[in-house]
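Visitor: Fit chain V to the given chain C structure using the hints.
Here the protein sequences come in this chain order: C and V. Using the numbering used here, the first residue of the first sequence is number 1, and each one after it goes up by one. Using the numbering used here, the first residue of the second sequence is number 1, and each one after it goes up by one.
Please note that a few of the clues may not be correct.
[What the hints assert, rightly or not] Derived lysine-lysine pairs resembling DSBU-like cross-links, with alpha carbons at most 35 angstroms apart:
no.	chain 1	residue 1	chain 2	residue 2
1	V	Lys16	C	Lys513
2	C	Lys92	V	Lys150
3	V	Lys16	C	Lys490
4	C	Lys88	V	Lys280
5	V	Lys16	C	Lys355
6	C	Lys88	V	Lys12
7	C	Lys421	C	Lys483
8	C	Lys92	V	Lys16
[Unchecked claim] Selected chain V positions facing chain C (Cβ under 7 angstroms, derived; list incomplete):
no.	residue
9	Leu146
10	Pro147
11	Glu149
12	Gly152
Think of the hints as simulated: they come from the structure by calculation, not from any bench. Cβ coordinates follow ideal geometry from the N, Cα and C atoms, glycine included.
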Amino acid sequence: MVQILIKNGLVYDPLNSINGEVMDLGVKNGKIVDPSEVNLNEAVVVDASGKVVLPGGIDIHSHIAGPKVNVGRLIRPEDHYLTNIPHKPPFKRAETGLTVPNVFRIGYDYARMGYTFVAEPATPPLKTRHTHEELNAIPMIDKMAFVLVDSNWIVLDLIQESRRDMLTAYLGWLLYATKTYSLKIVDAGSDAAWMIKGEGLSLDDQVPGYNLTPKDIIKAIAESAQQLNLPHKVHVHCNRLGYPGNYSITIETMNLTKDLKIVSEGPALHITHVQFTGYKGDSWGSLESGGEDIANVLNVNPYVTLDMGQVIPGRPATTMTADAPFEFVLYHLTRWKWSTTDTEVETASGIVPYKYKKKSYVNTVQWAIGLEVVLLSKDLWRVFLTTDHPNGGPFIDYPVVMSWLMSKRAREDFMAKLNRKALKKCVITSIDREFTLYDIAIITRASPAKLLGLEKFKGHLGVGADADIAIYDIDPRTLDLSKDYEKVSKAFRRAYMTIKGGEIIVKDGEIVKQVYGRTLYVKPEIPKDMIVEIEKYLDSAFKKYYSISLRNFFIDERELRNPMEIPLKTSLR
Amino acid sequence: MSVKSTYIVKLKYEPKVPIDARNISPNTFTGKSLNDILKLSVLEGGISVELKDLFDVDGPSNAPEDVNSIEILIEGFGSGKLRYIGYRMSGGRIVVKGDVGHFAGYRMSGGSILIEGKAGSYVGAKMKGGSIEVMKGCGDCVGGKLPGEKPGKGMSSGEIIIHGDAGSQVGVGMKGGRIIIEGSAGMLCGLNMMGGTILIQRNCDLYPGARMTAGRVIVGGVVEGILPSFYFDSIVPSVRVGKISMNKPFAMFIADAIVGGRGSVYISLEENKSLIDQYKDLVEERIEVE
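Extracted from the complex, chain C is given alone in its bound form (with noise of 0.2 angstroms):
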């Protein structure tokens, strides 16, 4: 393996409190080491004076993979025809499509753009197998999953006999089983509504069939994470999700946190695109921002993290989610395509392509929120940039996204562009906050790195963190980022260059060398007889409900490619 010896690069870390020191970085066997250990006969030196070097970034929220995403390509042949890149031999594939691309793009994009580790978060459990599949053939970036346990009918019973152990054990087991790392709720029991009823629920409605309100569901499996003492807890898409008024859902699903028996570190419930869970007013035509006051709440209560979801307007999205009532009203807006989904037991979902336009009243709203609640959180560790990649734009837009964060002008000069009288009802307009590099540092590498509870090993330049570097072609000190922001978000679309696992993979923005990353994945500790007790049960609950037996069900670590097990240690006894 290579060794590499980083000169004089402007390092942000925050993970290790450096904020903008030049300073030499050394890379061996994969792992960043003292500059003084790299052998200089055999090592690559690079000259990064002048130039930013950031740990590789890290996506937490990404639909990069599985059965929806192909589903997507599929209904989206337009997507595809005029973004294509021929291969180029030996090591480049040919790369396609913009808002759903291939899996060689969606690697070559994010090591571009000098992110090298990226979440898919969500995937039905019986159709893990395929993301699996699929994540194993994107390369470049380490990757993990989250499993949907939202409407899970073996769930939902565990929960209402109030077999809170079982339910623990069965998550753990269900992890395991997936071979993924995180739970994802999903409009906590609107799936099993949208399959008898055929409508969504909100936070305290009975879902049809058990005695159980969405709360239930989300308090229930917070405390079996707490219980299994899950890195990154739960990743929570929050009911009513794209109604007006939503806000005070998302608002009160954030201060379910108080009633949480809170065990283990860290924070217990992650809002995920929270702009789409941010409208205020009772209509489309009256809808409003509730940015600033999710911002508030997110501000007092140090349990809850959440992430921006992000529109980019004047880009084609492809809205793909397991919250299908709400994809039905989506279609019924759009008038184009359409496809739905209804897994086993587990979970439903769809598809509509979307897009979001500049002049629009509403797309302009929901533009502001995403930007005023980070602008306005006061602690950054626990707010993450994201698009909802294809949901509200394509992941290669972060740049423009970090431009908005990092300059006012930048966002001021977008402004000019969408609708007037949107914004004069959206706080966007009177923020004065401008991110500095150390900040986006924070927000793209640092907190996600904590958040998944990898800060260990990644996130973070110190010595014995695994080598993904990102350098861009900036140089804070001389150039006003605040002014050049275009200069800005190009360095980050195209990054001087990315390191992932000790090899130099991109240069100049182009790629020079394709590597395969890991599929991290946890296995919590069950005693045994635990483990005996919950497959006996889902024996029979499996004979009740699937149409497969359980041997088939579970997913073998040699069907991933580079398997990272990470162990924990629970509190079950």
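Guide: This is chain V only, laid out in the frame that chain C set:
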């Protein structure tokens, strides 16, 4: 128009794989010397090669700046493998002395293309102007949109004349312009159409004008079947498309109720007696009134 500069582009050998020849167009030739033209890139089965590797090019040593005075003659055995001929051309003329592959005249906005043999699918797809003439038959989706796109993203202006048969989905998603087919056409011609005119002088397979919202589809021969979502409107004595007039009675339908459309489908009365029988009462009623 001043003197024409004619380039003769001749295939050196019969290609075994499809060739993406989108650079053989008056727009890329303008203002270039012959040497530069020989260095234009051509994709041979996905591998980029230079024009001179595949073609002999003969013509003036310097191409004029004016697109309209350039004429390109494409010759050689195996020209049926050439795709994207006249891609995005805005003027000038291309003559193909043989067959061409798919996407001839794709996105063109002016000028003319004459194909002396057969053409592949997507002739004049998404074209915005100009004219295409095909002397023999052609494939599917003449003047159409690409799969997955919204209706109305097809051909928007210009004229396509096919002196032979066409495949299915003629003018799918077209918005304007004119397609004239002197032979027969396949299924679903005028699918998702939003404007323009399609004239099929002979027969047509199932369901012309399905899901159309505006425009005209005229079938002069036998129609295999029409959709039940069409309204019978009237009997017209003759139909005229540009300089072509068809002096026989046509049954006119309003298409297609399933998308609330106001397009019109004309079907020759004599050839389709059995098909129009189900509208017999309505037909007689109208004739009496008239």
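Visitor: Each hint should be assessed against the structure and marked as holding or not.
Guide: Quick rundown of the hints versus the structure:
1. V:Lys16 x C:Lys513: holds, 32 angstroms
2. C:Lys92 x V:Lys150: holds, 33 angstroms
3. V:Lys16 x C:Lys490: Distance of about 42 angstroms is beyond 35 angstroms: violated.
4. C:Lys88 x V:Lys280: With Cα atoms ~64 angstroms apart, C:Lys88 and V:Lys280 exceed 35 angstroms; violated.
5. V:Lys16 x C:Lys355: violated, 41 angstroms
6. C:Lys88 x V:Lys12: holds, 26 angstroms
7. C:Lys421 x C:Lys483: holds, 26 angstroms
8. C:Lys92 x V:Lys16: It holds: about 25 angstroms lies between the C-alpha atoms, which stays within 35 angstroms.
9. Leu146: holds, 6 angstroms
10. Pro147: OK, holds: V:Pro147 within 7 angstroms of chain C, min 5 angstroms.
11. Glu149: holds, 5 angstroms
12. Gly152: violated, 12 angstroms
When the structure is compared with the earlier hints, violations turn up for hints 3, 4, 5 and 12 and for no others.
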